[in-house]
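K.L.:
Sequence:
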Amino acid sequence: MTLHGEIDLLVVQPLRTRLDALTAGPHPDLVIDLRDVSFIDCVGLSVLCRTRNRVRARRGRLRLIADKSSFLRILRSTGLSGVFDIRPEMPDSSDALVPLPG
Numbered sequence: 028m029t030l031h032g033e034i035d036l037l038v039v040q041p042l043r044t045r046l047d048a049l050t051a052g053p054h055p056d057l058v059i060d061l062r063d064v065s066f067i068d069c070v071g072l073s074v075l076c077r078t079r080n081r082v083r084a085r086r087g088r089l090r091l092i093a094d095k096s097s098f099l100r101i102l103r104s105t106g107l108s109g110v111f112d113i114r115p116e117m118p119d120s121s122d123a124l125v126p127l128p129g
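Residue numbering for the sequence shown follows my numbering, starting at 28 and increasing by one per position.
By construction, these hints were calculated from the structure, which means they are not laboratory data. As the structure is a computational prediction, the values presented were derived from the model and not from experiment. Just so it is clear, CB atoms sit at the ideal spot from N, CA and C, and this is done for glycine as well. Watch out, some of these pointers could steer you wrong.
[What the hints assert, rightly or not] Here are the in silico distance ranges between beta carbons for each label pair:
(1) Arg86 x Gly32: 17 to 25 angstroms
(2) Leu107 x Leu36: 16 to 24 angstroms
(3) Ser104 x Gly52: 17 to 25 angstroms
(4) Met28 x Val110: 13 to 21 angstroms
(5) Pro53 x Arg100: 33 to 41 angstroms
(6) Leu107 x Asp56: 17 to 25 angstroms
(7) Gly106 x Asp35: 17 to 25 angstroms
(8) Met28 x Ala84: 28 to 36 angstroms
(9) His31 x Leu107: 19 to 27 angstroms
(10) Gln40 x Asp119: 27 to 35 angstroms
(11) Pro118 x Arg86: 15 to 23 angstroms
(12) Lys95 x Pro53: 29 to 37 angstroms
(13) Gly52 x Ser97: 27 to 35 angstroms
(14) Arg43 x Asp112: 17 to 25 angstroms
[Said to hold, decoys possible] Derived pair list, reagent style DMTMM-like, types lysine to aspartate or glutamate, alpha-carbon separation capped at 25 angstroms:
(15) Lys95 x Asp56
(16) Lys95 x Asp119
(17) Lys95 x Asp112
(18) Lys95 x Asp68
(19) Lys95 x Glu116
(20) Lys95 x Asp63
(21) Lys95 x Asp60
Construct the complete structure from the given sequences, taking the supplied hints into account.
P.N.:
As structure tokens, this is what we get:
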């Protein structure tokens, strides 16, 4: 899933609905590309945290693709940088084939 623009209160409800659908089944394997996100507020961060919690509860995997220093700084300042699997670029196909634990 690729997100772009501003992730804030105005777009969070449809985003939450879509992410809930993508994480509804067992062992979800989700990649969210945030490289084109220009702004994210606390509501947007809470949706990412909710998605992470849903994925973990279903023994899945969530990877965030982010390379902007401003976004990475927000994650560090909120204590969330160690919570997410953050990568600077999309995983290659061999990484996508690694089986999930459990």
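K.L.:
Has the hinted range 33 to 41 angstroms been met by the Cβ atoms of Pro53 and Arg100?
P.N.:
Given range 33 to 41 angstroms: holds, Cβ gap about 35 angstroms.
K.L.:
At the C-beta level, are Gly52 and Ser97 separated by a distance inside 27 to 35 angstroms?
P.N.:
About 33 angstroms separates the Cβ atoms of Gly52 and Ser97, which means 27 to 35 angstroms holds.
K.L.:
Within 25 angstroms, alpha carbon to alpha carbon, are Lys95 and Asp68?
P.N.:
holds (15 angstroms)
K.L.:
Does 16 to 24 angstroms hold as the CB distance between Leu107 and Leu36, or does it fail?
P.N.:
holds (19 angstroms)
K.L.:
Would you say the C-beta atoms of Gly106 and Asp35 sit inside 17 to 25 angstroms of each other?
P.N.:
holds (21 angstroms)
K.L.:
Please check whether Leu107 and Asp56 have a Cβ separation lying inside 17 to 25 angstroms.
P.N.:
holds (21 angstroms)
K.L.:
That 17 to 25 angstroms hint for Ser104 and Gly52 (C-beta), does it hold up?
P.N.:
Once the Cβ atoms are compared, 33 angstroms apart, the range 17 to 25 angstroms for Gly52 and Ser104 is violated.
K.L.:
Check the following: the C-beta atoms of Pro118 and Arg86 are separated by a distance inside 15 to 23 angstroms.
P.N.:
Given about 19 angstroms between the Cβ atoms, the range holds.
K.L.:
Checking one constraint from the list: CA of Lys95 to CA of Asp63, max 25 angstroms. Satisfied?
P.N.:
Satisfied, since the Cα-Cα distance of roughly 9 angstroms is no more than 25 angstroms.
K.L.:
Using the C-beta atoms of Arg43 and Asp112, is the stated range 17 to 25 angstroms upheld?
P.N.:
20 angstroms Cβ-Cβ, so the 17 to 25 angstroms window holds.
K.L.:
Starting from the range 13 to 21 angstroms, see whether the pair Met28 and Val110 falls in it by beta-carbon distance.
P.N.:
Once the Cβ atoms are compared, 19 angstroms apart, the range 13 to 21 angstroms for Val110 and Met28 holds.
K.L.:
Could you tell me whether the CB distance from His31 to Leu107 stays inside 19 to 27 angstroms?
P.N.:
With a Cβ separation near 20 angstroms, His31 and Leu107 satisfy 19 to 27 angstroms, so the hint holds.
Going down the numbered hints, you'll see the structure goes against 1, 3 and 8, while the others check out.
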